[in-house]
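Engineer: Take a look at the letters that make up each chain.
Protein chains: 2
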Amino acid sequence: MKFELTKEFISDLSDAAASGNNTFISNSLLDLHPADIAEILDEFDFEEAKIIYGYLDEEMASDVLTELDEDTREEFLASFSAKEIAESLDNMDSDDATDVIQDLPEHRKERVISELEDEEQASDIVDLLTYEENTAGGLMAKEFITVNENWTVEHAILEMRKQAEDVEQVYTIYVLSDKNVLIGTLSLKSILFAEDKTLINMLYSGEVRSVKASVESEEVVAIMDKYDLVALPVVNDEDVLLGRITIDDVVDVMREEAEKDYQMASGISEKVESSDSVWMLSRARLPWLLIGLLGGLLGAQVITGFEEKLGQFPVVASFIPVILAMGGNVGVQSSAIIVQALAQNTLGLETTGIKLLKELVVAIINGLICSLLLVAYTLLMHQDIMLAVTMTLSLMSVFVYAGLFGTIVPLVLNKYKIDPALATGPFITTANDVFGLLLYFLIGWSLYF
Amino acid sequence: MKFELTKEFISDLSDAAASGNNTFISNSLLDLHPADIAEILDEFDFEEAKIIYGYLDEEMASDVLTELDEDTREEFLASFSAKEIAESLDNMDSDDATDVIQDLPEHRKERVISELEDEEQASDIVDLLTYEENTAGGLMAKEFITVNENWTVEHAILEMRKQAEDVEQVYTIYVLSDKNVLIGTLSLKSILFAEDKTLINMLYSGEVRSVKASVESEEVVAIMDKYDLVALPVVNDEDVLLGRITIDDVVDVMREEAEKDYQMASGISEKVESSDSVWMLSRARLPWLLIGLLGGLLGAQVITGFEEKLGQFPVVASFIPVILAMGGNVGVQSSAIIVQALAQNTLGLETTGIKLLKELVVAIINGLICSLLLVAYTLLMHQDIMLAVTMTLSLMSVFVYAGLFGTIVPLVLNKYKIDPALATGPFITTANDVFGLLLYFLIGWSLYF
Numbered sequence: 001m002k003f004e005l006t007k008e009f010i011s012d013l014s015d016a017a018a019s020g021n022n023t024f025i026s027n028s029l030l031d032l033h034p035a036d037i038a039e040i041l042d043e044f045d046f047e048e049a050k051i052i053y054g055y056l057d058e059e060m061a062s063d064v065l066t067e068l069d070e071d072t073r074e075e076f077l078a079s080f081s082a083k084e085i086a087e088s089l090d091n092m093d094s095d096d097a098t099d100v101i102q103d104l105p106e107h108r109k110e111r112v113i114s115e116l117e118d119e120e121q122a123s124d125i126v127d128l129l130t131y132e133e134n135t136a137g138g139l140m141a142k143e144f145i146t147v148n149e150n151w152t153v154e155h156a157i158l159e160m161r162k163q164a165e166d167v168e169q170v171y172t173i174y175v176l177s178d179k180n181v182l183i184g185t186l187s188l189k190s191i192l193f194a195e196d197k198t199l200i201n202m203l204y205s206g207e208v209r210s211v212k213a214s215v216e217s218e219e220v221v222a223i224m225d226k227y228d229l230v231a232l233p234v235v236n237d238e239d240v241l242l243g244r245i246t247i248d249d250v251v252d253v254m255r256e257e258a259e260k261d262y263q264m265a266s267g268i269s270e271k272v273e274s275s276d277s278v279w280m281l282s283r284a285r286l287p288w289l290l291i292g293l294l295g296g297l298l299g300a301q302v303i304t305g306f307e308e309k310l311g312q313f314p315v316v317a318s319f320i321p322v323i324l325a326m327g328g329n330v331g332v333q334s335s336a337i338i339v340q341a342l343a344q345n346t347l348g349l350e351t352t353g354i355k356l357l358k359e360l361v362v363a364i365i366n367g368l369i370c371s372l373l374l375v376a377y378t379l380l381m382h383q384d385i386m387l388a389v390t391m392t393l394s395l396m397s398v399f400v401y402a403g404l405f406g407t408i409v410p411l412v413l414n415k416y417k418i419d420p421a422l423a424t425g426p427f428i429t430t431a432n433d434v435f436g437l438l439l440y441f442l443i444g445w446s447l448y449f
Numbered sequence: 450m451k452f453e454l455t456k457e458f459i460s461d462l463s464d465a466a467a468s469g470n471n472t473f474i475s476n477s478l479l480d481l482h483p484a485d486i487a488e489i490l491d492e493f494d495f496e497e498a499k500i501i502y503g504y505l506d507e508e509m510a511s512d513v514l515t516e517l518d519e520d521t522r523e524e525f526l527a528s529f530s531a532k533e534i535a536e537s538l539d540n541m542d543s544d545d546a547t548d549v550i551q552d553l554p555e556h557r558k559e560r561v562i563s564e565l566e567d568e569e570q571a572s573d574i575v576d577l578l579t580y581e582e583n584t585a586g587g588l589m590a591k592e593f594i595t596v597n598e599n600w601t602v603e604h605a606i607l608e609m610r611k612q613a614e615d616v617e618q619v620y621t622i623y624v625l626s627d628k629n630v631l632i633g634t635l636s637l638k639s640i641l642f643a644e645d646k647t648l649i650n651m652l653y654s655g656e657v658r659s660v661k662a663s664v665e666s667e668e669v670v671a672i673m674d675k676y677d678l679v680a681l682p683v684v685n686d687e688d689v690l691l692g693r694i695t696i697d698d699v700v701d702v703m704r705e706e707a708e709k710d711y712q713m714a715s716g717i718s719e720k721v722e723s724s725d726s727v728w729m730l731s732r733a734r735l736p737w738l739l740i741g742l743l744g745g746l747l748g749a750q751v752i753t754g755f756e757e758k759l760g761q762f763p764v765v766a767s768f769i770p771v772i773l774a775m776g777g778n779v780g781v782q783s784s785a786i787i788v789q790a791l792a793q794n795t796l797g798l799e800t801t802g803i804k805l806l807k808e809l810v811v812a813i814i815n816g817l818i819c820s821l822l823l824v825a826y827t828l829l830m831h832q833d834i835m836l837a838v839t840m841t842l843s844l845m846s847v848f849v850y851a852g853l854f855g856t857i858v859p860l861v862l863n864k865y866k867i868d869p870a871l872a873t874g875p876f877i878t879t880a881n882d883v884f885g886l887l888l889y890f891l892i893g894w895s896l897y898f
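For the protein sequence lines, the chains are A and B, in the order given. Numbering (our numbering) for the first sequence: 1 to 449. Numbering (our numbering) for the second sequence: 450 to 898.
Any given hint could be a false lead.
[Stated by the list, open to error] Here are the simulated DSS-like cross-link-like pairs (lysine-lysine), alpha carbons at most 30 angstroms apart as the crow flies:
(1) Lys226(A) to Lys864(B)
(2) Lys661(B) to Lys807(B)
(3) Lys675(B) to Lys271(A)
(4) Lys189(A) to Lys866(B)
(5) Lys866(B) to Lys271(A)
(6) Lys611(B) to Lys260(A)
(7) Lys661(B) to Lys226(A)
(8) Lys189(A) to Lys864(B)
(9) Lys638(B) to Lys212(A)
(10) Lys611(B) to Lys197(A)
Quick caveat, the hints were computed from the structure, so don't treat them as lab data.
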């Protein structure tokens, strides 16, 4: 059962694919989990991957398709006929099938849907396609098990047996009223230990947490994380059960969100992995580099404005790295704390005013500590009191400015429904570079030059 | 059931606590989830929080204790007697109870354990305490349900009924051989639909993924995420079942890892939230600021070495921000990609040599694009061809240096079992500041000055 991807394995499999060694390929893939096979296929170029994919039986092929890297999957789908895609989708859970269809070009979507043999699956997919991708509706699947509150345990078990065929993992049994309103949940445990003739409404728990289909996926993550849920039912405005979201999908959303914020903070503008092509890696990194370059050049313009003075007092130039380093660090720190609080919904009840006030105090505390060290360095190296005063004032201004700016930008972006993570990383560093230098040279100009 | 934390609610509750309005407090907390009550308590200062906590019944009090913010929980525990803590622990799952005990000062641990009334719980906790916190053993709980392969369904249901009392959520039933070796799993679904006299070994699935107790928690996260598991059994070297890890705990680990990497990349050295005190916020941010200051001062030293030349050619100073901005961005981008690949185990099969080669090509592509723009700017603003050549060579050197350095540092740290995330953020930016400036001035010195 344990599988580890090795170079030897990949090269053996590649040889087998080239020489048509069917037995070797079939045996190698036997007993592997679809996620493992997907990982293997991602290591091959497309032509080889397709040969190996051809050895999978129908159900495994569908499962592997769900697990494939998005780029690889797109290549596969492009090479399939509408009928082939439809056959794969018939074997998938409705939410996975919908994700696959969503990635298809417009003109293929309808053809694939019309080729679906399982009518229930087709109607589920058509329904799921109406929800926005990043909402509860976009995350839910149509596979779940329900019982009516007025059924007996015996009857419920019969009904569940029918429904259970389509449901891979039964986490919870949802209890509905006669009007299909979600009124509670029934644990498998309780039904297992109950008498045949007991009515469901004697057994079920009325405590059920649900979300409306329009709730954003970030909130879904927060709810399932906070309340330790493995499945969350989705309802419409009349509390009629529409679908359920399972924890594995939410874990994926969570990971993607964290990755996105992390990459944003590191100046990477697209989802890339270290194993992607050089071209993709370059493209993902170029936008922030250009912003950084622009910031650097604006900084250069600020300095050029004081070039004559710099010729007379070149010592002022030597402190440029200090100003830039501190402004950048303070800005990123402040904005990261806000971005994280927004992402995790832990801003608490403090008002923006209080946040800014706290940030001001933090800036003053840390600014004073750093200034003290900077003054010591300046006096030691240059024996110039006026220079020390200039540096202290400049550093303090930069701390206060960068701290407040870093706090307020993500809050403002969030207010206007723009991803606050945009604030972190090169964007704020760049803005701080320019304004930090401006503050520094203006203070230097008033006091020192 | 829906709960939203509001300022009004907190202030009403605070008034009620002050005036001893028992009915209001009891009613307010009625029907709330322990996670909600924990969130409420985190908004109060300790004295008030303790008054409100006093209104909870024994079981709810234990649940809330598990959910509390670590800082708040420590305050609570410090104010409890060993007997009071033991009473709370008796109601908890073994893994949560172990986490609580682990945070206690050494001298209290034994006293609390000796006060535990539930002997099974006590022995479970003593056992769980032997595992390292960040391993599978440290994550697992002792609450799970097992059946013997030779039992009938009827007998298994009887035995499960006894075991199920302690198990909050039954995800999987583990099937053991006569020697307690884990040989498979049984879904509740299959037992529900089977005849009474059927033997378990006719029903169970032999496909079971398990981990050894010593496996690191990061790997546990990767496995459960990859294979979409909600529970993962933990075994010893003889495959005897020791415990099980549930997805909610893994989600917590995942979130903490992502937070830690994100904070590291943003220069925050301790776990802080925007609602923490000014003092904690300052302390968490100071270490990286000091490193940044050191880097800035080293940069200042580099520049001071060329001060005389700068007096003659102050235009060179104006490009310092460009060099610093680009070196910092490139370094952080490269290291972030590696850090993320290490965290998610997606490094793939490429060797370090190939990674560095790719990084070199990326540096050259993006470096050339940025250099082109920089040359245009330089010629436009300064009409100085030699300056343009100097800038191009400097920028290209910085791109190559920062890209390779950013790639190799996290790989080296990881090899020596140091958290590679240390590489990102201010550390690498700072190193790049110094070396970037050195490259720039050395090239300037050879070509331009």
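Engineer: What's the verdict on Lys226(A) and Lys864(B), does the C-alpha distance respect the 30 angstroms limit or exceed it?
Structural biologist: violated (35 angstroms)
Engineer: CA of Lys675(B) to CA of Lys271(A), is that 30 angstroms or under?
Structural biologist: Given pair Lys675(B), Lys271(A) holds - Cα atoms ~18 angstroms apart, limit 30 angstroms.
Engineer: With a cut-off of 30 angstroms on the C-alpha distance, tell me whether Lys661(B) and Lys226(A) pass.
Structural biologist: holds (28 angstroms)
Engineer: So if I understand the rule, the pair passes when the alpha-carbon distance is 30 angstroms or less; does Lys189(A) with Lys864(B) pass?
Structural biologist: violated (47 angstroms)
Engineer: When you check the alpha-carbon spacing of Lys661(B) and Lys807(B), does it fall within 30 angstroms?
Structural biologist: Status violated; Cα separation ~37 angstroms.
Engineer: Just to be careful, I want the Cα atoms of Lys638(B) and Lys212(A) compared with a cutoff of 30 angstroms; is the pair within it?
Structural biologist: Status holds; Cα separation ~28 angstroms.
Engineer: Verify the proposed pairing of Lys611(B) with Lys197(A), using a straight-line Cα cut of 30 angstroms.
Structural biologist: holds (22 angstroms)
Engineer: Compare the distance between the alpha carbons of Lys866(B) and Lys271(A) with 30 angstroms, and conclude whether the hinted pair is satisfied.
Structural biologist: holds (27 angstroms)
Engineer: For the pair supplied as a hint, Lys189(A) and Lys866(B), confirm whether the alpha-carbon distance does not exceed 30 angstroms.
Structural biologist: The given pair, whose Cα atoms are some 44 angstroms apart, is violated under the 30 angstroms limit.
Engineer: Regarding the pair Lys611(B) and Lys260(A), is the alpha-carbon distance no greater than 30 angstroms?
Structural biologist: Cα-Cα ~46 angstroms, so violated.
Consistency note: the structure conflicts with the earlier hints numbered 1, 2, 4, 6, 8.
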